[in-house]
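Engineer: Below are the chains, spelled out letter by letter.
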Amino acid sequence: MKDLAPIIKALFKEKLVPFLLILQISVTFMVMVNAANMISEREKLMSRPTGVDEENAFYVLTNLQGPSEKFVANLSHDLASLRAIEGVQVVSPLNGVPLGLWGNYVSVYRNLDDEYPIDNAGYYGSDEHIVENLGLNLIAGENLALSDTTVSMTGNHNISSSILITKAFAELVSPDDWRQAVGQTIYTTNTPQRIKGIVEAMQGAWPRWYGVNGSIIYPVIEVDNTIRYFVRAEPGQLENVMEEVNKVLLNTPGRVIEKMQTMEEVRLRAYKDDNASSKLLISVCVGLLFATSLGIYGQARFSVNRRKRQIGTRRALGASKGQVMRFFMLENAVVSLTGLVIGFIAALSLSEQFAQHFGLTPVPLPYLLSGMAALFVLGQLSVSYPALQASRVEPAIATRSA
Amino acid sequence: MTGLAKAYITSDIKTQALQPFDLAIGQGEFVSVIGPSGSGKTTFLNIAGLLENHSEGLYELDGQDVSKMSDKQKSAYRNEKIGFVFQSFNLIPELNLYDNIDMPLRYRKFNTKERDERIMKALEQVGLAGRKNHYPTQLSGGQQQRVAIARAIAGSPRVIFADEPTGNLDSKMAQGIMTLLQDINASGTTIIMVTHDNEQAQLAQRIVQIKDGVLSEESSILTQAIA
Ligand SMILES: Nc1ncnc2c1ncn2[C@@H]1O[C@H](COP(=O)(O)OP(=O)(O)OP(=O)(O)O)[C@@H](O)[C@H]1O
Ligand SMILES: [Mg+2]
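Protein chains in written order, with the working numbering: chain A, 1 to 402; chain B, 1 to 227.
Hints are computed from structural coordinates only; laboratory data are not their basis. One should not assume that every hint holds.
[Unchecked claim] Straight line, CA to CA, 30 Å or less: simulated DSS-like cross-link-like pairs of lysine-lysine: (1) A:308 <-> B:81; (2) A:279 <-> B:172; (3) A:321 <-> B:109; (4) A:13 <-> B:121; (5) A:13 <-> B:68; (6) B:121 <-> A:9; (7) A:9 <-> B:68; (8) A:279 <-> A:259; (9) B:113 <-> A:9; (10) A:9 <-> B:132; (11) B:81 <-> B:132; (12) B:172 <-> A:321; (13) A:247 <-> B:72; (14) A:167 <-> A:308; (15) A:321 <-> B:68; (16) B:72 <-> A:9.
[Unchecked claim] Ranges between beta-carbon positions, derived for each pair: (17) A:298 <-> B:23: 44 to 50 Å; (18) A:298 <-> B:171: 43 to 49 Å; (19) A:306 <-> B:171: 28 to 34 Å; (20) A:20 <-> B:133: 24 to 30 Å; (21) B:25 <-> A:301: 39 to 45 Å; (22) B:71 <-> A:286: 37 to 43 Å; (23) A:400 <-> B:171: 39 to 45 Å; (24) A:298 <-> B:196: 53 to 59 Å; (25) B:172 <-> A:341: 48 to 54 Å; (26) A:400 <-> B:71: 17 to 23 Å; (27) B:71 <-> A:366: 30 to 36 Å; (28) A:301 <-> B:172: 40 to 46 Å.
Cβ atoms here follow ideal geometry from the backbone N, Cα and C, with glycine treated the same way.
Working from the sequences, and respecting the hints, build out all of it.
Structural biologist: In structure tokens form, the structure reads like this:
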């Protein structure tokens, strides 16, 4: 630290090179912490639970062969033969899957002739076993019962039933106390629906949709030409079961299997763009960090070479190897810290802009501080080799090179 | 120095820069080293000043075997007991005169006040106290060498090594530097000075001549006069 004051004075005198490095460090820091914040925000978004037990689960999109009078019988036949497959735990008919990117939503009204809805809600239709079969978590009210279930060819929302809603939607129905939503009646397509229970979560089809967490579950099996079966396999049996399901379904003549996807694939596809942009951000950060590290290293190498004579003189006049090394480390620390302080301010204002214009959460303080620490350490590591080289300059150079 | 020798070995070529020699220098002496270019003067000075290691023989400094000193000990010894004056001054361009003189003092246990007193005293001694905030490039060569001398004496060394201190100066400026060195010597500091100039060499009590790495001593006019 003995060299601190003269180092600062000398840096002020030199101006340009330290200025460029300071600029580079501050820009890197500003971009890095904001990118890290964005990535973590996205991670948070992606880690929201769908509410469904996705492990060992998949769905298959297929057809119920007509004529329409036979839909119900064909459905029963399918369910029975699928449930008979070895390794199959549960099979539920379902009109869409969470994050499936294809799905349904409906406007939900508090009263029959209200002009404005409470909000829109994604909706699902299945039988009374949906909670157990999909692994949903019932947190208030009662579960659906066999007597609640109907089969329909016209849709779910215009059949009056006892329904389940998600907690997120219950909070809209009953803002003061979401539990109070149980027992209330709401209206979809001019049809009264009695809220029988509340599940913790069941996400809608579109991860970026504002209403993704507010869903309604009707105990209505929608039979149509197309149908989805949600299947859960015994642990470790997923692949076999999928193959077997495919085989069994194709036993029926005229069968078309449009799609078969594990819930893991569904999730990956739903967040494909988010994952891609996170990766892009990470590569930008890595690139910037690399460039900064290289910049510090290169500048230090250059400065050591240029100042060989000066280093030799310092050595001749009594600086030990360690003191020469510390001189360069300290010089870099001053530059880095200046850059980081400027970067800190810049990062805060960029974060504020992002928060204002894109609704992002501002970068939290621990991010800023750990980012500073990380970049500081990186800088010191980058300068350590040139500094070591500086310490190896022979004192005799002071009398030698002219 | 007993049987001291120096050889540089670079990729199979061995340059015997200094042939074995014996030499003893006492406290307070003024020794000139003369000899043709490439004869080994700087090599001698570097070894004597602990800037380079010798390859053969024994070098005792203050009764201490130099070859047994660690690099750190040598650095500390140079810092506290040796002053250097170089042909091309070797001031640090980014630092003003004050900080240049301060540089070696910062490695010592002086407090700020003591450093300040030493710096100002040294600057006054070389007549540049009024320009302490100037930078080296704002000075003439002679003035820069005065600053370098101030830097060398500020730490009160026991010996000053000067390698052609006037080599880059005209004769008038060189005259001033020589007077300064003589004054410093008069106050008890040993001075060992390499020079090309025979006349300057005569100002010393002892003259060591080096020719092709071979040391010999001739007595100066000064010593002859005293004797
Ligand atoms: N690092 C080195 N490696 C190899 N040979 C060297 C090295 N330094 C000096 N020499 C050689 O040692 C010999 C003595 O060099 P030195 O610099 O001591 O001479 P000098 O008397 O100071 O010359 P000048 O008057 O030109 O300064 C020369 O032949 C030189 O080439
Ligand atoms: Mg020389």
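Engineer: The structure should be examined with respect to each hint, and the outcome stated for every one.
Structural biologist: Hints, verified against the model:
Restraint check for residue 308 of chain A and residue 81 of chain B: satisfied, since their Cα atoms lie roughly 24 Å apart, inside the 30 Å limit. The straight-line distance between the Cα atoms of residue 279 of chain A and residue 172 of chain B is roughly 71 Å, outside the 30 Å bound, and the hint therefore fails. Between the alpha carbons of residue 321 of chain A and residue 109 of chain B the distance comes to roughly 18 Å, so the proposed pair stays at or under 30 Å and holds. Pair hint residue 13 of chain A plus residue 121 of chain B holds up; C-alpha atoms about 26 Å apart against a cutoff of 30 Å.
For a cut-off of 30 Å, the pair hint linking residue 13 of chain A to residue 68 of chain B is broken: about 41 Å separates their Cα positions. At roughly 23 Å between alpha-carbon atoms, residue 121 of chain B and residue 9 of chain A fall within 30 Å of each other, so this suggested pair holds. Proximity of residue 9 of chain A to residue 68 of chain B is assessed by CA-CA distance (about 38 Å); at most 30 Å being required, the pair is judged violated. Between residue 279 of chain A and residue 259 of chain A the alpha-carbon distance is near 28 Å, which keeps this suggested pair within the 30 Å criterion.
Using a Cα cut-off of 30 Å, the hinted pair residue 113 of chain B and residue 9 of chain A holds, with the two alpha carbons roughly 20 Å apart. The hinted pair formed by residue 9 of chain A and residue 132 of chain B meets the criterion: a straight-line CA distance of about 15 Å does not exceed 30 Å. Taking the CA atoms of residue 81 of chain B and residue 132 of chain B, the gap is near 24 Å; set against the 30 Å cutoff, the hint holds. Straight-line distance between C-alpha atoms of residue 172 of chain B and residue 321 of chain A comes to about 39 Å, which puts the hinted pair past the 30 Å bound.
At roughly 81 Å between alpha-carbon atoms, residue 247 of chain A and residue 72 of chain B are farther apart than 30 Å, so this suggested pair is violated. Among the hinted pairs, residue 167 of chain A with residue 308 of chain A is inconsistent with the structure: their alpha-carbon atoms are about 70 Å apart, more than 30 Å. The straight-line distance between the Cα atoms of residue 321 of chain A and residue 68 of chain B is roughly 18 Å, inside the 30 Å bound, and the hint therefore holds. Note on residue 72 of chain B and residue 9 of chain A: the hinted pairing holds, with a Cα-Cα distance of about 27 Å set against a maximum of 30 Å.
Hint check: residue 298 of chain A to residue 23 of chain B, Cβ distance near 47 Å, so the stated range 44 to 50 Å holds. Distance hint check for residue 298 of chain A and residue 171 of chain B: the Cβ-Cβ separation is about 45 Å, which falls inside the suggested range of 43 to 49 Å. A hinted range of 28 to 34 Å for the beta carbons of residue 306 of chain A and residue 171 of chain B is consistent with their spacing of about 33 Å. Look at residue 20 of chain A against residue 133 of chain B: about 27 Å separates their beta carbons, and that is inside 24 to 30 Å.
For residue 25 of chain B and residue 301 of chain A, the Cβ-Cβ distance of about 41 Å falls inside the hinted range of 39 to 45 Å, so the restraint holds. Between residue 71 of chain B and residue 286 of chain A the beta carbon distance is about 40 Å. The supplied range of 37 to 43 Å therefore holds. Separated by about 25 Å at the C-beta atoms, residue 400 of chain A and residue 171 of chain B break the suggested range of 39 to 45 Å. Hint check: residue 298 of chain A to residue 196 of chain B, Cβ distance near 41 Å, so the stated range 53 to 59 Å is violated.
The supplied range of 48 to 54 Å is met by residue 172 of chain B and residue 341 of chain A, whose beta-carbon atoms lie about 51 Å from each other. Range check, residue 400 of chain A to residue 71 of chain B: Cβ separation about 18 Å, and the 17 to 23 Å hint holds. Between residue 71 of chain B and residue 366 of chain A, the C-beta spacing of about 43 Å breaks the proposed range 30 to 36 Å. Evaluation of the 40 to 46 Å hint for residue 301 of chain A and residue 172 of chain B yields a pass: the beta carbon distance comes to about 42 Å.
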